[in-house]
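Chemist: Chain by chain, the residues run as shown.
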Amino acid sequence: MFRNLRVSRVFGKMRSNVLLTIGIVIVAICVLAAIFAPVIAPDAASPHPGSRLLKPFENMEHPLGTDAIGRDILSRLIFGVRTSLIIGIASVFLASLIGTVIGILSGFSSPGIFDTILMRITDVQMGFPFVVLAMIALTMFSPNILSITVVLSLALWPAYARTVRSSVILQKDCEYIAAARLMGASKMRIYTRYIGRNLLPAMIPLFPLDIAGMVINESLLSYMSIGIKPPVISIGNIMADARGYIASDSWFILIPGVMLVVMVLGFNFIGDSLQTILDPHIRKK
Amino acid sequence: MLGIVLKRLAQGLLVTFCVVFISFAVLRSIPGDPAKIMAPNATVEQQQHIREEMGLSEPVLVQFQMYVGNMLHGNMGNSYFKGDTVVNILLAAAPLSAILVAFALIFSIFVSLVLGTVAGMNGNSAIDRIISSFAVLLQSMPNYWVGAMLIMLLSVKAGIFPSMDYSGPSSCVLPIIALALPLTSVLIKVVRSSLIDSYNQEFVKAAYARGLSGTALYFKYALRNSLIPLCISISSQLGFLVGNIVVVEYVFNFPGLGYIALNAILRRDYNLVQAVIILFSVFFFLINIVVDLGTVRLDPRLRKAEGEI
Amino acid sequence: MRTSAGTDKDNTILRVENLRTYFKAGQGNVVKAVEGVNFSLRRGMVLGIIGESGSGKSVTARSILRIIESPGYIAGGKILFKGEDVLSFSEKKMRSIRGNEISMIFQEPTTSLNPFMTIGDHLMEAYNSHTPSGSEKAKEEALRALHLVGINNGREIFRKFPCQFSAGFRQRIFIAMSMILYPDVLIADEPTTSLGITIQAEIIAALSEVQKQTGISIIIITHDFGVVSQFSDDIFVMYAGRCVESSPKKTLLTKPAHPYTIGLIRSVPLLEERKTRRVKSIPGFPPDMSNVPPGCPFAPRCEFAGSVCTEEVPELREVGEGHLCACHYPQDYNVNDDTELGGDLHV
Numbered sequence: 001m002f003r004n005l006r007v008s009r010v011f012g013k014m015r016s017n018v019l020l021t022i023g024i025v026i027v028a029i030c031v032l033a034a035i036f037a038p039v040i041a042p043d044a045a046s047p048h049p050g051s052r053l054l055k056p057f058e059n060m061e062h063p064l065g066t067d068a069i070g071r072d073i074l075s076r077l078i079f080g081v082r083t084s085l086i087i088g089i090a091s092v093f094l095a096s097l098i099g100t101v102i103g104i105l106s107g108f109s110s111p112g113i114f115d116t117i118l119m120r121i122t123d124v125q126m127g128f129p130f131v132v133l134a135m136i137a138l139t140m141f142s143p144n145i146l147s148i149t150v151v152l153s154l155a156l157w158p159a160y161a162r163t164v165r166s167s168v169i170l171q172k173d174c175e176y177i178a179a180a181r182l183m184g185a186s187k188m189r190i191y192t193r194y195i196g197r198n199l200l201p202a203m204i205p206l207f208p209l210d211i212a213g214m215v216i217n218e219s220l221l222s223y224m225s226i227g228i229k230p231p232v233i234s235i236g237n238i239m240a241d242a243r244g245y246i247a248s249d250s251w252f253i254l255i256p257g258v259m260l261v262v263m264v265l266g267f268n269f270i271g272d273s274l275q276t277i278l279d280p281h282i283r284k285k
Numbered sequence: 001m002l003g004i005v006l007k008r009l010a011q012g013l014l015v016t017f018c019v020v021f022i023s024f025a026v027l028r029s030i031p032g033d034p035a036k037i038m039a040p041n042a043t044v045e046q047q048q049h050i051r052e053e054m055g056l057s058e059p060v061l062v063q064f065q066m067y068v069g070n071m072l073h074g075n076m077g078n079s080y081f082k083g084d085t086v087v088n089i090l091l092a093a094a095p096l097s098a099i100l101v102a103f104a105l106i107f108s109i110f111v112s113l114v115l116g117t118v119a120g121m122n123g124n125s126a127i128d129r130i131i132s133s134f135a136v137l138l139q140s141m142p143n144y145w146v147g148a149m150l151i152m153l154l155s156v157k158a159g160i161f162p163s164m165d166y167s168g169p170s171s172c173v174l175p176i177i178a179l180a181l182p183l184t185s186v187l188i189k190v191v192r193s194s195l196i197d198s199y200n201q202e203f204v205k206a207a208y209a210r211g212l213s214g215t216a217l218y219f220k221y222a223l224r225n226s227l228i229p230l231c232i233s234i235s236s237q238l239g240f241l242v243g244n245i246v247v248v249e250y251v252f253n254f255p256g257l258g259y260i261a262l263n264a265i266l267r268r269d270y271n272l273v274q275a276v277i278i279l280f281s282v283f284f285f286l287i288n289i290v291v292d293l294g295t296v297r298l299d300p301r302l303r304k305a306e307g308e309i
Numbered sequence: 001m002r003t004s005a006g007t008d009k010d011n012t013i014l015r016v017e018n019l020r021t022y023f024k025a026g027q028g029n030v031v032k033a034v035e036g037v038n039f040s041l042r043r044g045m046v047l048g049i050i051g052e053s054g055s056g057k058s059v060t061a062r063s064i065l066r067i068i069e070s071p072g073y074i075a076g077g078k079i080l081f082k083g084e085d086v087l088s089f090s091e092k093k094m095r096s097i098r099g100n101e102i103s104m105i106f107q108e109p110t111t112s113l114n115p116f117m118t119i120g121d122h123l124m125e126a127y128n129s130h131t132p133s134g135s136e137k138a139k140e141e142a143l144r145a146l147h148l149v150g151i152n153n154g155r156e157i158f159r160k161f162p163c164q165f166s167a168g169f170r171q172r173i174f175i176a177m178s179m180i181l182y183p184d185v186l187i188a189d190e191p192t193t194s195l196g197i198t199i200q201a202e203i204i205a206a207l208s209e210v211q212k213q214t215g216i217s218i219i220i221i222t223h224d225f226g227v228v229s230q231f232s233d234d235i236f237v238m239y240a241g242r243c244v245e246s247s248p249k250k251t252l253l254t255k256p257a258h259p260y261t262i263g264l265i266r267s268v269p270l271l272e273e274r275k276t277r278r279v280k281s282i283p284g285f286p287p288d289m290s291n292v293p294p295g296c297p298f299a300p301r302c303e304f305a306g307s308v309c310t311e312e313v314p315e316l317r318e319v320g321e322g323h324l325c326a327c328h329y330p331q332d333y334n335v336n337d338d339t340e341l342g343g344d345l346h347v
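Protein sequence lines, in the order shown, are assigned to chains A, B and C. Going by our numbering, the first sequence opens with residue 1, and the numbers climb by one from there. Going by our numbering, the second sequence opens with residue 1, and the numbers climb by one from there. Going by our numbering, the third sequence opens with residue 1, and the numbers climb by one from there.
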């Protein structure tokens with residue numbers, strides 16, 4: 001029982017590479033679909049009253065079926081992916097930018113009043129359930145792609161600030177930073193070359209993982225009708241449309257959900273494998 | 001121990017106070033006349049009454065002072081949509097949400113301990129890979145969709161559980177599962193990896209060299225050592241759990257706090273929104289304090305650092 | 001059941017014969033961490049195993065208790081404990097040996113005690129895990145074991161946690177725990193390496209007191225000649241997973257025959273003033289264990305090596321009474337005649 005416990009790291013790494021490839025393929029397909037959405041799915045908005053609630057694979061003109069007013073679901077999903085990706089990527093970018101700047105400032109001023117205040121702010125922010133925060137914010141601003149991006153990054157930045165801050169605090173008293181300082185390295189060089197470079201292995205896997213999380217959160221707000229509003233298409237509001245048909249046409253809510261899960265899995269695969277590959281403790285073996 | 005409790009309570013109270021104040025200020029600064037938004041069909045006199053009651057003509061700080069003063073006397077205003085006092089509405093809804101959270105926590109901890117142990121003890125075997133993949137899959141599924149799938153499979157198709165609205169304890173089962181699954185997926189990973197870490201610890205190897213049996217090693221050494229990471233990740237996941245109440249209750253039309261909060265926001269029932277936010281943050285910090293103290297209690301090294309032993 | 005005739009006649013409690021412990025290294029490669037080790041531990045005596053890090057000392061010790069972890073495995077040989085081969089025991093029987101008849105002390109006292117268990121729980125668990133007999137009896141035995149390692153305020157520390165004590169103190173607690181069932185053999189795997197110099201002396205003193213009082217047989221593993229010269233009866237030198245020389249302490253320290261042992265002894269700095277104060281180090285590095293050259297593994301670093309050394313692995317041969325050496329060209333060397341050392345190595 002005791003003997004086979006050590007995880008064979010070599011094998012773990014091999015598996016990560018397979019998952020990484022799968023993840024990249026999924027994400028690449030999603031990104032291409034999003035970029036070329038108007039070309040490959042021109043017919044997302046026009047209803048076909050004659051063909052309401054067609055089942056998937058029934059009519060090859062609408063391979064994934066049609067919704068309650070006869071719009072092509074595949075086309076709508078492609079536009080939904082486009083909205084998800086724009087909001088997911090933009091919000092993670094914004095959050096990591098704010099979080100990193102604040103984390104570095106906070107880490108270098110720690111211990112001190114500035115650091116304490118910042119950490120209290122992140123406490124408050126993290127103590128606040130994201131959904132409630134989003135609900136309040138979205139009653140103040142009308143929900144659209146920009147405001148949802150801002151709201152999502154508002155909820156996410158404290159996580160980045162904390163990661164960066166703790167990494168900076170851990171590193172700034174390390175011998176090699178002291179050694180670099182003694183050798184006359186400039187402040188800027190220490191920030192970018194030493195601390196920055198050691199931050200990256202921890203940060204890079206967070207991007208795909210958080211994009212996955214933000215894609216889910218956006219679809220959730222849209223599903224609860226406080227997110228993206230028609231006519232802009234989001235996977236969340238496609239599913240909201242399907243909400244009334246769970247009993248009669250259950251495929252209607254199944255298909256967008258599967259689409260969303262596959263896309264999110266793609267990002268999670270990339271993040272998980274990067275975590276394994278970039279972890280220096282594992283890499284050493 | 002008392003010292004730590006007081007310190008944490010003071011910190012928690014301060015943060016809760018900030019949350020309350022900020023949300024109060026934000027809600028009051030929403031453009032538009034709250035009296036008109038809250039009671040659009042009321043007469044001019046009634047709206048004037050609402051304004052006076054909420055002190056809307058006063059500066060925000062004075063309004064806040066009034067609000068806190070009233071709150072301490074057990075008065076959190078009225079909900080004009082529900083036609084009842086906010087306190088009564090909350091008293092009816094809070095127990096339902098509390099049941100969901102409590103059982104979801106129990107479910108997650110139990111399932112993750114079982115599956116995490118099976119995966120961790122068989123590191124890198126087929127069963128480990130199945131469980132780990134299952135956890136990643138669960139993590140990738142939005143829980144409102146999981147809720148919808150549960151309704152589809154277990155209530156519409158199989159007819160085992162009621163699907164929507166509240167009609168007795170059996171209505172809680174599906175919401176509890178939907179609420180618990182995302183947390184469970186995170187905790188499975190935590191239990192698995194911390195068990196593997198524990199078994200690589202020197203003191204576990206030393207105990208093995210003393211001839212301890214496998215069960216003793218697991219319960220007294222490996223599992224014991226894994227409880228702390230488990231506690232820490234539960235506390236870091238609580239925010240999501242509380243937020244997910246809103247989602248799950250919406251999916252199941254479950255009349256708990258989250259459902260009330262969502263409807264209150266959509267109808268701009270500010271007194272109710274404010275009260276739910278306060279309740280959420282108080283609850284959140286209370287649980288955090290419990291988890292924090294639990295962590296300290298569990299780890300003698302932390303107790304030493306806190307000067308307790 | 002005697003598998004080897006005369007095991008007990010010459011008063012041997014533990015004899016290791018041709019032990020081989022390998023580690024799978026992926027792509028079908030095998031690291032031969034221990035390759036054909038032979039030694040015997042005499043009853044009531046202290047055997048010192050000395051060698052550089054990576055020479056296979058710890059793996060040898062862990063093989064005796066069969067606690068080698070995957071991907072490591074015991075590839076062959078015999079480990080005769082009281083005449084029986086422990087490699088043939090079931091896991092259940094093995095568990096009743098561990099901690100009960102053979103116990104082990106580890107290198108790092110700060111990590112080898114469970115941080116969540118009190119000192120008392122540790123000791124009582126160690127007692128009850130092999131002889132279940134209530135907490136009263138266990139507590140009594142625990143206090144006796146603590147007393148044995150010179151801890152007389154046992155009752156006061158009983159409910160305290162490991163983190164409340166210094167590393168040296170924790171090591172003494174660990175020794176008490178290992179001794180609580182009065183095992184026949186105690187294996188001490190670098191018990192002093194991570195400790196400060198004064199604490200090292202304290203731990204060695206405690207071990208030697210334990211040995212005097214109980215007459216237990218001890219294997220002490222170290223890379224420190226100071227430790228073995230103070231505290232051992234026989235010495236056994238390992239290099240690259242092999243036994244290179246073994247003999248009673250006095251012979252080995254004064255008349256080492258293997259060039260590697262000679263090199264080791266000449267590289268020990270002494271405090272006393274010498275005619276020549278130069279410390280001579282052995283040139284080169286130990287071999288890469290996944291790719292040990294053919295022949296004698298020490299040959300590339302050896303000043304006496306001939307052509308046979310790079311072709312043929314030398315057998316362990318008797319070069320004096322009770323003095324075994326695995327070398328094609330055993331040296332006739334005497335520390336006291338070594339003018340460069342100054343001839344005042346006190347043994």
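One should not assume that every hint holds.
As the list claims (entries may be wrong) - For the chain B half of the interface with chain C, some residues (derived, Cβ under 8 Å), not all of them: (1) Ala94; (2) Phe107; (3) Phe110; (4) Lys205; (5) Ala206; (6) Ala209; (7) Arg210; (8) Leu212; (9) Tyr221; (10) Pro300; (11) Lys304.
Stated by the list, open to error - Cβ pair distances, simulated, as ranges: (12) Pro132(C) / Gln171(A): 47 to 55 Å; (13) Tyr176(A) / Ala205(C): 34 to 42 Å; (14) Val308(C) / Pro201(A): 48 to 56 Å; (15) Ile169(A) / Lys24(C): 38 to 46 Å; (16) Pro201(A) / Ser53(C): 40 to 48 Å; (17) Leu170(A) / Ala98(B): 52 to 60 Å; (18) Lys172(A) / His49(B): 53 to 61 Å; (19) Arg301(B) / Gly76(C): 40 to 48 Å.
These are computed hints drawn from the structure, not numbers from a lab. Note that this is a predicted model, so its numbers are computed, not measured. A virtual CB, placed ideally from N, CA and C, is assigned to each residue, including glycine.
Chemist: Checking each numbered hint in turn, tell me which of them this model violates, lowest number first.
Modeler: Numbers 1, 2, 3, 16 and 17, in rising order.
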